[in-house]
Amino acid sequence: MDTIYVIPILIYFVIPIAGLVLYIKLVTKMQFEVDSVPYIRLFFLFFIYGGLLLIILTGIFWKVSGLLLISIFFLLFIAPIITSIITLFTYRKRELSVYHKWIFNAAGGYSLVLLPLVLYCFIVTAASGNLPRFALFIYYFIVEVIP
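Numbering of the sequence shown is given in the working numbering, commencing with residue 25 and proceeding in unit increments.
It is possible that some hints are incorrect.
As the list claims (entries may be wrong) - Derived DSS-like pairs: lysine-lysine, alpha-carbon spacing no greater than 27 Å straight-line:
| # | residue 1 | residue 2 |
| --- | --- | --- |
| 1 | 125 | 53 |
| 2 | 49 | 125 |
| 3 | 53 | 117 |
| 4 | 117 | 49 |
Read the hints as simulated data drawn from the structure, not as lab findings.
Treat the numbers as computed from the prediction; the structure is a model and nothing was measured.
Hey, can you work out the whole structure from these sequences and the hints?
Here it is as structure tokens:
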């Protein structure tokens, strides 16, 4: 197999399959330890953080595509809404178990810490003209495509 195909296979097949396996293992473990397992909330968090990992790895090791820009749009504008909703619904249940607290912290962390930090980094690096490679397509999308 040509080495040009190894990177996208690792990024787009191995990492999502590993994330799905980890999700199934965690849900199985939670079924034995917790009465109410938040399947959907946990799935969305795996989906969002996995998507963030795929975008970063694609930007570093591969090339920009239209699907990648759609993923960036989702993670910048739709995922914070989803994580905010998860945070609100998990707030009262965060003391039920360590898992519920982890879900609350991960969802709140994305919407309150990670997203503003990512936006700040891109704005600062864009203003200085020293954009890292994985930030170029996000900057282009925000400045050229959205307006």
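Here is what the structure says about each hint:
Restraint check: the Cα-Cα separation between residue 125 and residue 53 comes to about 16 Å, which is no more than 27 Å; the hinted pair holds. With a C-alpha separation of about 18 Å, the suggested pair residue 49 and residue 125 falls inside the 27 Å cut-off, and the hint holds. Restraint check: the Cα-Cα separation between residue 53 and residue 117 comes to about 18 Å, which is no more than 27 Å; the hinted pair holds. A threshold of 27 Å between alpha carbons decides the hint, and for residue 117 with residue 49 the separation of about 22 Å falls inside it, so the pair holds.
In summary, the structure agrees with every hint in the numbered list given earlier.
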